[in-house]
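Given the coordinates of chain S, work out where chains D, P and U should sit on it, guided by the hints.
In order, the protein sequence lines correspond to chains S, D, P and U.
So for the first sequence, numbering that gives the first Met the number 0 puts the first residue at 0; every next one is plus one.
So for the second sequence, numbering that gives the first Met the number 0 puts the first residue at 0; every next one is plus one.
So for the third sequence, numbering that gives the first Met the number 0 puts the first residue at 0; every next one is plus one.
So for the fourth sequence, numbering that gives the first Met the number 0 puts the first residue at 0; every next one is plus one.
Among the hints, erroneous ones may be present.
Claimed, not checked - No more than 30 Å apart at the CA atoms, straight line, and that leaves these computed lysine-lysine pairs for DSSO-like:
id, chain 1, residue 1, chain 2, residue 2
1, D, Lys22, P, Lys175
2, D, Lys244, S, Lys332
3, D, Lys99, P, Lys175
4, U, Lys142, U, Lys409
5, D, Lys244, D, Lys66
6, D, Lys99, S, Lys335
7, U, Lys167, U, Lys142
8, U, Lys407, U, Lys326
9, D, Lys66, D, Lys117
10, S, Lys345, S, Lys332
11, D, Lys66, D, Lys22
12, U, Lys198, U, Lys173
In short, the hints are calculated from the structure, not lab data.
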Amino acid sequence: MTDTTQKAALSRPPIITLSNAMPWIVATVFLALMPVIFPSNSAITIMNQMAITIIFALAYNMLLGQGGMLSFGHAVYMGVGGFVCVHVMNYVEDFGVPLPLPVLPLFGGLFGMGLALIVGSFSTRKAGTVFAMISLGVGELIAACSVIIVAFFGGEEGISGDRTYGLPVFGVEFLQQIDVYYLIAFWLLLSALLMYLFSRTPIGRMANAVRDNPERAEFLGYSARWVRFYSFVASGFFAGIAGGLFAINYEIVTEENLNLAQSGTILLITFLGGVGFFFGPILGAILFTLLQTVLSLQTELWALYLGALFVVTVMFFPGGLAGLIMMHTMPLKFGKLGSLVGPYLKTLVPGAIGILGLAAALEIVFHLRHAALGDSEMTLFWTTFDSHSVAPLAIAVIAAVGGFWLAKRAAPGMAEAYHAANTPRGGSV
Amino acid sequence: MNSATTQGKAALELDGLRKSFGKTEIIRGVDLSIGDGERHAIIGPNGAGKSTLFNLITGRFPSTSGKVRLNGQDLAGLAPFQINRMGLSRSFQITNIFPKMTVFENVRCSLLWARGYKYSFWHMVSRAPDLTEAAEAILEQINLTERRDLPAGVLSYAEQRALEIGITMAGGANVIMLDEPTAGMSHSETDYIVDLIRKVTEGKTLIMVEHDMGVVFGLADRISVLVYGEIIATGRPEEVRANPKVQEAYLGAALEAEH
Amino acid sequence: MDLILVNLIDGLVTGLLLFMLSAGLTLIFSMMGVLNFAHASFYMLGAYFAYQISLFLGFWVGLLVAPIIVGVAGAGVERYGLRRVHQYGHVPELIFTFGLALLIEEVVQFIWGKSQMAYEIPEVLEFTAFAIAGNSIPAYKIFMIFMSVAIFIVLLYVLTRTRVGMIIQAALSYPKTVEALGHNVPLVFMGVFGVGTALAGVAGVIAGPVLGTFPGMAIVLGSIVFVTIVIGGLGSLWGALVASLLIGWITTFAKSYNIEMANILTGIGISPPENMSESMFRDLWTVTSPQIADILPYILMVLILVFRPYGLFGKRDA
Amino acid sequence: MRNTTRLGLSTALALVIGASSAFAENVKIAFIDPLSGPFASTGTNGLHQYEFAAEELVNKQGGVLGGDKFEIVAFDNKISPKESLIQLQVAIDQGIRYIAQGNSSGVANALTEAIDKHNKRNPDDRVLFLNYSAVDPALTNDKCNFWHFRFDANADIKMDALTDIIAKDDGIKKVYIIGQDYSFGKAVAAAAVKFLGEKRPDIEIVGNELHPIGKVKDFTPYARKIVSSGADAMITGNWGADMVGLGKSVLENGYTGPIYTYYAAADGITAAFGAAGDGSLRLVSEGQQNPPASERAENYVKAFKAKYPDGNVSQSRITNVIEMLAKAINEAGTATDVVKVGMALEGMEHDSLWGGKIFMRPQDHQAIQDVHIFAHTKVEYDYDNSGYGMLTESTVEMAAMDSPTTCKMKRP
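Looking at chain S on its own, in the form it has when it is part of the complex (with noise of 0.2 Å):
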């Protein structure tokens, strides 16, 4: 053990090796090929927006979870990133620079990191809550600018601008969907890559540790409040970014780019998708986005079904879905992850009965209150049914009881199992 750490020390590491490198390499490869299985436009559509929503919820995270800063009014950088793109588009396209569409994101994140660099200034000074209520409140003045001073904002209809202004780069002149997911692709790859590195930069590394312990920090030489402050510009930046791309794909930028309620949805999907591991908020951009786009064109209640989701993350799975994944490395290490198989089913499937159940009998009651007179006809999972009829909610009602009853009988065999699980073959912890 000694001995082979001191070997690596002593030389310098290689600066790309196969296992780092992999993961880059898997997500490169996926990127390519993924308009190659989904091709039709609206489902580059929704990658595009998916790939923008996981840069922005990785600078995010670089707040929330690796600085410890929850803030409520983040959109704003990557709004205002957004507004200068569109900005220097129509500028572009009036005056005839030649500025090739695919460094447009720089500006959007220049400008993202100098809004950052003037509120960091005076919010970082504290954490905690001084930090929260800060954001909130220069998050408000901004969306309530965007309505007053429409020369930069354009009031609630927005600024927009044709992302197809210039020659061609390369060939290619952005008409398409697909030639802007490439575009985008790019930017999301080289946006995390860079997101991740600085993790692990000096600065990335004091930034968990304030977060931990911005006291301890303070005695090793360390401001905390320095340590916030670049972590908080580094966000911004990433955010602008994220908001130029928004500017090229949908060539409009409006005040929802920056109000509250945008701030909070990337709260939500951060933490959703898990606050303590890099690949987090990825996991929630691609969740969220899904739920958002997908899950609304299939139930009206879906904003329901997500926040009862988001309650229920908050409480019982503290660290998103990224937790949840990153609890069976060690059952995985010891090579137990087959047992767990067993009671997992014996719990998960009848929680998603009861899951399902409660969800059809809010669909039915709601259809029942909701719907025409007369039209008592509905169709859910796949059957169609008279939602006036007393069997079929009686049917939601039971398998949701009954779900979630069996599930409960079955949760301590499974809590056992994951404990056994986490204990090496042939010894105890």
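Structure of chains D, P and U alone, referenced to chain S:
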């Protein structure tokens, strides 16, 4: 070694230091000079203001009046991180580490500033051999190499205290302040920590607050006795032991405690 | 001059209403150290419950019963939600209440739908109490003032003159000690949370008929309540009162008098740009005080946090 | 475990959405409007009106092109421009050629630009934009394009009609204008000042102000100003909770004159005003219901109320959208070549179900129609089941027929 006295260059000087919380004066004019390379212990009954004195020196609390000088420089109005950068490092009475980070990272973080990485965002910590090497060396010194990759929060109490001492001295500060390093430890653990302290503070100035008289008399070159915010005696261990005022203060406190 | 008096009364009503919300919130904060993001949602629940009850039993029964239901619901949230999240730390707690606010809004929409409810002022109070220079002051406003002042007095009495109040105040500063003395501190916490949310419920019951009972009512008021207690100083009841009244009057007066930015700017010696419609700052020049009335509290809060992080009356950092 | 399966499922769903493209015979109309969030009741009610109109006026009459049925496909845009653009893309991928949207001019602006760009960049699957409610004048002026058709009277036309009525009332000497601080509120104020200045220069505008949109908790201070200004009439473009808050507040604080509005009806607003608004509230809009224009219109409203007891026929122009589109498709002989359909819509004259004629002006694609001033009072065909509804007080026929437009229509 016991010959070290105030004659040499002073590492830390306190000059008429006072601190009040509201109307209560906790520190009532402390004058003290601690020489370079000296091992100095501050003892005193409960509530004498030992920890407050520590907090005043390290900039955790502002003092009401008086001066603190580190290697001749005034520390008035400086923040903890600035004082640290001038070469003073401390541990805490209550274990104060980064519980969610690994043992190795705890040590590495404490090296960063001293090694000149400051607020760098262009270095990769994992690609800095000097950092890794130094951190490994410290882990070796505090006997935590085996625990390298565990989250610091899961270590045993004694191990956490050892880690804290490792963090405190990792930055290479030459004035080290330890606040009750053996509090709440068993005999064997205490012996282990005392050995550790002796080993890692070799050639540095050490100031510590301690209750365990065995530890104090075994380690310290000189001892100061703080009672009700005043130093009533300073000197070599045997001098202090013989001092009637000290005897009285300790006996008095013991009697009070019985009531 | 008469209008000033009328505005003072209107601002007082707004301020006192705000105070009923911020009093509960600041009490909860000082006890548990967490800002309850969902506080305004309990205000909304109060209005909806009272509306539902008033359909069958009339306004007065609603005024009595709805806050109790809200308080019980609040206590339940503390017992089964917050207490669980508490172990993870303050940030997850804040996030939990944030999620709860979203969830409550969705649940309200599920049950009552998305339109505004026809929740009305009781008929006995539907008359003009008096008029000042043609401006009528409805009797209901007087009732609102009376209610909030009464609640403040009761609250002050309970906190400073009763044994329960003593325990609460002690539990604020020394929870461990109070627990050691044999008091059930978790129960005290639950009780305070329940009472705090019930206060928000009362505010909802009496504000619902005038400010509208609709799913957006929580959001409209939500963040301004935070702003109030942050300005007043977290944990300070008097601070909450002063800040509430301050905000009530500032917004009322800013809306009542068209102060134009152009006048201020020329007043301090800046001349208007030559070509207004082309100027970068044209929007700044045309701003009037009613336009920005409702964002003035945010400006105030940011300034206060920058220069006095513990608020007007706060003793400690937020 | 559970989460990964769900993720896989959703991805599969996304694929399905993308793949199920254009082999349906139905003529699909994408309805992109808020179906969740604060404006969901307006959106849902609009959707019901579309579904009902398509069923009653087209499908039951034998469909278009000799049997093809109209099908309304709903997309929830959560009143967000960004979401609207995503849903637009999903709709286009499903082979939908007709996009209907109405709530929020901000969304309409985003959509019309996106559709213009899309049609330029993708000549193979062009779409038409049937705007049934967004009234920002710019949409048929500076921002007009061939693909956009507006079936509602725009804000200027409505104000033109409204000021015609005010101008005739000699009792009105002082007018107070108040609105939400955003483009529509500003457009209403600017139009009111312009038209009043032209038609009745003697009228004094005693107040002209904007308040933050959706943020005002208590309108009392505004009400005080209005009352003490001594205004005989007030004009507002407010909608939603801002309309109810402002209206109730001025009435409570002693204002007695008429309140001229754009959107003080249905979606809970009529019920919220109830008796209090009787005698004060006035609304400028198209499509009268009280008294009904014809027996056919009466039956249509009755049938709608029978099917949707909580609904309102509050956007009567939706029937015009459906009938005119059906006519244009039949005339063009195709439902897929939207250029031909668009050409057929241009200049079309149509007898509205609600009486009067509709003329789709070719210069700017603005429908010219009768505009009415309604009074909020007890009526036979009420809104929100409150007993109160809109009674026609006066009518401006083919309002603003010759009004100028800055639109330079570019046809493909």
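query = Which of the numbered hints are not met once you compare them with the structure shown?
reply = 2, 7
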